[in-house]
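Q: Given next are the chains, with one letter for each unit.
Number of protein chains: 2
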Amino acid sequence: MREAPTAPDPPDVPLAALYRAGLAESVHRGRYAVCDAGGGLLDSGGETGEPVWVRSSAKPFQALPLVVSGAAGALGLTDEELVVACGSHGGEEAHVATVRSILGKAGLSEEALQSGAHPPLNGAASRALARAGGSPRPVHGNCSGKHAGMLALCSYRGWETASYLDRDHPVQREILGAVSRMCGLDEREVLIGGDGCGAPAFALPLRSLAAGFARLASCAAPEPFGAAADRVRRAMGGHPFMVAGTGRLDTRLMQGAEFVCKSGAEGIFTAGLPDGTGLAIKVSDGSGRALEPAALSLLGRLGAEPLPEPDTVVRDLHGAEVGSLGTLV
Amino acid sequence: MREAPTAPDPPDVPLAALYRAGLAESVHRGRYAVCDAGGGLLDSGGETGEPVWVRSSAKPFQALPLVVSGAAGALGLTDEELVVACGSHGGEEAHVATVRSILGKAGLSEEALQSGAHPPLNGAASRALARAGGSPRPVHGNCSGKHAGMLALCSYRGWETASYLDRDHPVQREILGAVSRMCGLDEREVLIGGDGCGAPAFALPLRSLAAGFARLASCAAPEPFGAAADRVRRAMGGHPFMVAGTGRLDTRLMQGAEFVCKSGAEGIFTAGLPDGTGLAIKVSDGSGRALEPAALSLLGRLGAEPLPEPDTVVRDLHGAEVGSLGTLV
Chain A
1 MREAPTAPDP
11 PDVPLAALYR
21 AGLAESVHRG
31 RYAVCDAGGG
41 LLDSGGETGE
51 PVWVRSSAKP
61 FQALPLVVSG
71 AAGALGLTDE
81 ELVVACGSHG
91 GEEAHVATVR
101 SILGKAGLSE
111 EALQSGAHPP
121 LNGAASRALA
131 RAGGSPRPVH
141 GNCSGKHAGM
151 LALCSYRGWE
161 TASYLDRDHP
171 VQREILGAVS
181 RMCGLDEREV
191 LIGGDGCGAP
201 AFALPLRSLA
211 AGFARLASCA
221 APEPFGAAAD
231 RVRRAMGGHP
241 FMVAGTGRLD
251 TRLMQGAEFV
261 CKSGAEGIFT
271 AGLPDGTGLA
281 IKVSDGSGRA
291 LEPAALSLLG
301 RLGAEPLPEP
311 DTVVRDLHGA
321 EVGSLGTLV
Chain B
1 MREAPTAPDP
11 PDVPLAALYR
21 AGLAESVHRG
31 RYAVCDAGGG
41 LLDSGGETGE
51 PVWVRSSAKP
61 FQALPLVVSG
71 AAGALGLTDE
81 ELVVACGSHG
91 GEEAHVATVR
101 SILGKAGLSE
111 EALQSGAHPP
121 LNGAASRALA
131 RAGGSPRPVH
141 GNCSGKHAGM
151 LALCSYRGWE
161 TASYLDRDHP
171 VQREILGAVS
181 RMCGLDEREV
191 LIGGDGCGAP
201 AFALPLRSLA
211 AGFARLASCA
221 APEPFGAAAD
231 RVRRAMGGHP
241 FMVAGTGRLD
251 TRLMQGAEFV
261 CKSGAEGIFT
271 AGLPDGTGLA
281 IKVSDGSGRA
291 LEPAALSLLG
301 RLGAEPLPEP
311 DTVVRDLHGA
321 EVGSLGTLV
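One line per chain: the protein sequences are A and B, in this order. Mapping of the first sequence onto my numbering: position 124 corresponds to residue 124, and the numbering continues sequentially without gaps. Mapping of the second sequence onto my numbering: position 87 corresponds to residue 87, and the numbering continues sequentially without gaps.
Don't take every hint at face value.
Calculated from the model, a selection of chain A residues having no Cβ within reach of chain B, i.e. all distances over 12 Å [as the list claims (entries may be wrong)]: (1) Gly38; (2) Gly40; (3) Leu75; (4) Asp79; (5) Tyr156; (6) Arg173; (7) Leu185; (8) Ser218; (9) Gly238; (10) Gln255.
Label pairs and their computed distance ranges (CB to CB) [to be verified]: (11) Glu223(A) / Gly133(B): 50 to 60 Å; (12) Gly177(B) / Glu258(A): 53 to 63 Å; (13) Arg173(B) / Ile192(A): 52 to 62 Å; (14) Glu93(A) / Gln255(B): 37 to 47 Å.
Keep in mind that the hints were calculated from the coordinates and are not lab data. Glycine included, each C-beta is placed from N, C-alpha and C at the ideal position.
Given only the sequences and the hints, what does the whole structure look like? Please build it.
A: Quick look at the structure:
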């Protein structure tokens, strides 16, 4: 663990601001890249060539080895199961059941999950679990679908599962290959750290991430990922609930839309449009609340539709309007 | 409600960063001012002359009319009761009992509180309330002490209580006077908006806020607030639990220390040292997590002691170290 010797100060641009009584209270800065599937940078704000931690936006790429290996087909995984493996779910009943179903088809029990426990991100699911006297288990965590997918591939390949999170485990080697190839990078250009769930996290240039989503969304994935990427794209588009859940950003944005999108921790948002345009946003301070106004504005600029109306009003505890959250991009 | 016509982009400086595997993942920028009780700017980072919403850091000033009016004395308010009126409490049992005690001494019931309901900020208290089948009521909200103090002053003065949150209600006029005078400003220089609890929120220059805390902490408050400020300062120093609660920043920092401090929503932190130095920090993006590393660093530079060791390690769900949170100031 080494700290940067100097203050990091990436050139970025204002993305969104919270206003109270018309006076800006807080401002979120960040960077964004719009790329085509060839990796060309079509539009950008701030610096997009330096590595950023892409967190859960890598999940659709991390699920590709499950498909391209033949495991998803051989195990009979449904589209819903594939999407929960690409998603950061809210721990709602249907999410948990779908994760369990993946494990069941792989011949594994819930105990195989090493994704760590946290309460369901969905508030109602979290309260229901507490009311029932239950404690959060790994299956309730937002990454349990990703982990179930990794385990299913291990099971299909006959790899041992106890060490499936090790960077040198074959499942993680295959995943690194998929993430790198989809983003047009050599494996050695992708930095690896630890994610909150214990799985490897990846850092790579924001523009490479945008190009990866352009490829995912437009049948332009490099071989051998072409057909697998196409199945993932169609599955995500058909089952946005499994990407996130009730009321959450990715699910709301994809409802009825033609594009796929996936957000990640610390202010990451990615989207791929069917015309072969990819978008990646990093909020410099890691804020999640800046993502919706910034994503809606940039997606709108790219012609993505339909898009929900932004909810910009900030209310006090009595429901009275005290401010607004506005885009600056 | 008017939005700023141009992107707000205050000159600020890096305050803190989150590192993952040695690579900066997120960076928090902000501004800080160190002032003496005369209003002189001793040190600063970024722009400190433009108005910022000071949120709950105004609470110790908002409590002054309760004391200077004679209400606190006549009603027999204890130091704990005075401090919970200056604090943003966690809704723990002792906090709630203390707020109720203020109301009882004022001859008012809990129903008089118009502070809005939210679950206790303290996690254990919130879970205990849910387990007991209770719903959050206004008394559990972090601002209920401030509201109880306002109501106690109304009761003592014989002012009607139904409209105590109106900006033109005499209790709010007295509070605006106290906030302005303590910060060395004319009332017309203080912008007013709505806070989350429904009470007026104030925006004023960061350097004026720092000077206000310098006056509070060093017997340098302008008359007629001298004796009242001295009681508030001593009471806060003696009862840091009532300022915030178990494990929370202000309480931890003030434990055994000589200074007083008060943080506020959207990344505000203020402190006053007995040598007559005041500190005010505004995290530009409103992040709370940047406050502890920035405050510890700046307080240390001012010679405040004792200070707790910063907890800089970022862990995954398994407890493994995956990063760190470091100060940049």
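Q: Work down the list of hints and note, for each, if the structure agrees.
A: We went through each hint and held it up to the structure:
1. Gly38: holds, 27 Å
2. Gly40: holds, 26 Å
3. Leu75: holds, 27 Å
4. Asp79: holds, 28 Å
5. Tyr156: Since the minimum Cβ distance to chain B is about 25 Å, Tyr156(A) lies beyond 12 Å and the statement holds.
6. Arg173: holds, 18 Å
7. Leu185: It holds; Leu185(A) is separated from chain B by about 16 Å at its closest Cβ, greater than 12 Å.
8. Ser218: holds, 29 Å
9. Gly238: With a cut-off of 12 Å, Gly238(A) remains clear of chain B, as the shortest Cβ separation is near 30 Å.
10. Gln255: holds, 28 Å
11. Glu223(A) / Gly133(B): 50 to 60 Å: Hint holds: Cβ distance 59 Å, inside 50 to 60 Å.
12. Gly177(B) / Glu258(A): 53 to 63 Å: Given about 58 Å between the Cβ atoms, the range holds.
13. Arg173(B) / Ile192(A): 52 to 62 Å: Holds: the Cβ-Cβ distance is about 60 Å, inside 52 to 62 Å.
14. Glu93(A) / Gln255(B): 37 to 47 Å: At 44 Å between Cβs, range holds.
Hint check: no violations occur; every hint is consistent with the structure.
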